[in-house]
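Following the hints, complete the assembly by docking chain Y onto the known chain G.
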Amino acid sequence: MISTIRLAWRNLGRNRRRSVITGLALAIGVTLSVACFGLIDGISASLLHSLTRFDLGHVQVHTQRYQETRRPEALIEGYDRVVAEIQATEGVLGASGRVYGYALTSREQRSAGLEIVGVDPRLERKVTELQTRLKQGRFLEDEPTPWPPGRALTAEEQAQDEALTQSAESSALEELDALQSLDAAVDDGAKAPADAPPTVGAPSEERLAFSRKLAEIQSPPPLRHPRVILGTVAARILHVEVGDVVHVSARSLDGSTRDVDVEIIGLFETGTIPLDRRMLLHLADLQRLEGLGNRVHEVAAVLDDPNSAPAIAAAISSRLHEPTLLVRPWNQIRPDIQQVVDASRTTTMFIIVIIFFVAALGVINTMLMSVFERTREFGVLKAIGMARRRIFGLIVTEAAALVVISSVVGLGLGLCVDLYMVHHGIDLTSMTGGLSVGGVGLQPVIRGAITTQGLLLPTFILAAICLVASIYPAVRAAQLRPAVGMRET
Amino acid sequence: MKLISSLFIVAMVVGLAAPPARANEAGDLVNKADMVYRGKSSASVFDMTIKLSSGERAYKVVVWSENGDKNRVLIKMLGPALWRGFGTLKVDNSLKVYDPKSNHVSVVSHSMLGDSWMGSHFSNDDLVKETRLDRDYTVKLLTKSTRDTGLGFSATYHTLELSPTPRAPVVWGRIIYELWTHDDTTVPVKVSYFRKADDRTPTRTITFSKVRKFDGRMVPATLQVAVTDKPGEFTRIDYEKLKFNVRIGDQKFTEQALKH
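Protein chains in written order, with this note's numbering: chain G, 523 to 1011; chain Y, 1293 to 1552.
Isolated chain G (complex conformation) (with noise of 0.2 Å):
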């Protein structure tokens, strides 16, 4: 055996610069593949990182009609014991609560409906990391806005009111009355004023005051400005920044809208459109805005490790014990990418397997060479009585030879590039708006990915694929009679 590898090491040596050179190239294909491998992991790996850490989380919880309708009605009751119940399963490092609305904000003359997201900061960072992505100002602060509670009128109030719709429904009765037909103006053509009927009682002073007083009774206005943080995209379209005051008018459970004007304190960017068209503000003022106690839409939690998703999704579901609560892990949440990640990996491994396809014929081709060029070699070790077996081992043993210096080499100098890959990255910003995969957005820097799989894989798919090309060469070569072969010059 230690002969036979002797042998081959000696016989790939005869013909250095070939053997160099298809060397190199299975070298070259093994770094390209390891590469390769690495890249797709470190993107697959970003996209995940993304979907999950900027907004799913790793499992979410919604009511069964909210998943099926998205009505703002279908709310999460006892939002404290689902947290409670979250954080305290196993695995997972932290839970928090959401609530969605669609407001139409605008300033100025510009207005655009978003999406408002209420999210409890404390609870939030804990969950994604939307604080890291601040691109100016500052994060939501942990305490909501003070606002005091409203009450109801009281019969006294409720009679005044009465009287303020009474009078400023005579006043447009009156209005109303003392209008003009359109017909009647062509017969007095010059005497009629074209425009300018009188506005017959307008509401006094006193009178708007009064009203705006029993207005802020049932819904005193917040302290201060609540303050909120806006997606990059929804300040462009709106033409805001820091520091600016934007009027929110946002649609409340009992379908009538509620205004009040927000203090913008920070810009994030996630790379994900749809995320940075939001408005972030904190979950209690959006509970307020939109009436909706303490109560939410979403649960979502982070887990130490990814993968264990579907299974504390199941751990978390019997220990709400809740039929109408749904606890879904993000791959079911967003199936279409987890296929965007195995479907990268399968196209991968089409690309390896091509490339070694590729550095296989080199190896049949060099094998083939040597063999040929040995017939009279082989003709001569046959007649002295070497075994068939062994002559078809010595030339798999070269092939192999060859496949175990290459993939060290290669590996090797595809764990640099990947070494590479994961502390420099691959800068994408210059690429305009980043990259988006499924709507999600990928981080502007990709870095690579080292995992065990994308190191072997490669390495034993070539060993493989070059051990089988060389079987017929070594064939060729055992088969020879040694008659013939010392005949050949």
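Just so you know, the hints here were simulated from the structure itself, not pulled from any lab data.
It cannot be assumed that every hint is accurate.
[Unchecked claim] Pairwise CB distance ranges, derived in the manner of DEER restraints:
no. : chain 1 : residue 1 : chain 2 : residue 2 : range
1   : G       : Leu941    : Y       : Gly1406   : 52 to 60 Å
2   : G       : Asp858    : Y       : Arg1427   : 35 to 43 Å
3   : G       : Arg673    : Y       : Lys1551   : 35 to 43 Å
4   : Y       : Thr1495   : G       : Ala681    : 35 to 43 Å
[Unchecked claim] Heads up, simulated EDC-like pairs for lysine to aspartate or glutamate below, C-alpha to C-alpha not over 16 Å straight-line:
no. : chain 1 : residue 1 : chain 2 : residue 2
5   : Y       : Lys1522   : G       : Asp776
6   : Y       : Lys1388   : Y       : Glu1547
7   : Y       : Lys1533   : G       : Asp699
8   : Y       : Lys1393   : G       : Glu728
Quantities reported herein were computed from a predicted structural model and do not represent experimental measurements.
All residues carry an ideal CB built from backbone N, CA and C; glycine is no exception.
Relative to chain G, chain Y alone:
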């Protein structure tokens, strides 16, 4: 033989000519009924009652509208206190809303036209719509009968089916329009809106009742919108005063008037 063939031709001509004439007539009917509250211009005061599963509330509202070359609408809330002074102004294609508490005018973007107006079962679009039913839909007469209106006279009741023309920018797949006519008067009775042409239950219905004279016109004083997937909920409008074809100054349709 000659006689027979000429009769045949006459029959054919009549046969060909009759359906389009009837279709036009049906379209006119629907259009008239749809414009029942509008005229060239109109001004009205009404109560809007909104019944939701979470509770009930009522607004008193004044509306000014012009339906000529320019379609302009101003809506002001007269009470109660929580909503007094809120306004909606539509001029051409822009829709603005005013909030007196923050003294702020916001422009409603196109994407929000389908949203509910002030929590009612009307959308922003409903209040400011310009859809001409006879232009966007083909109208077909389904049934016709004479019945007592309950107002001391009988009228001809029509049930009409509206199907959108192929490229009409409308949201409904089918509309069933019930109305009656008497002399010059055309009054809607019930309109059922179907999301898709083959839906069995309507997505929403508008029912008109309490027909009486406003400013010389027979008009239903009450209309009620119900949405099928929210049973028990409705929005009702009770007209208190309606004036038609009145001269409304341009200054009524300005931001100044909206804030006033």
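Structure-based check of each hint:
1. Leu941(G) / Gly1406(Y): 52 to 60 Å: Hint holds: Cβ distance 54 Å, inside 52 to 60 Å.
2. Asp858(G) / Arg1427(Y): 35 to 43 Å: holds, 42 Å
3. Arg673(G) / Lys1551(Y): 35 to 43 Å: For Lys1551(Y) against Arg673(G), whose Cβ atoms are near 28 Å apart, the range 35 to 43 Å is violated.
4. Thr1495(Y) / Ala681(G): 35 to 43 Å: holds, 40 Å
5. Lys1522(Y) / Asp776(G): holds, 13 Å
6. Lys1388(Y) / Glu1547(Y): The hint holds at about 9 Å.
7. Lys1533(Y) / Asp699(G): Roughly 9 Å separates the two Cα atoms, so the pair holds.
8. Lys1393(Y) / Glu728(G): holds, 15 Å
Hint check: a violation occurs at hint 3 only; the rest are consistent with the structure.
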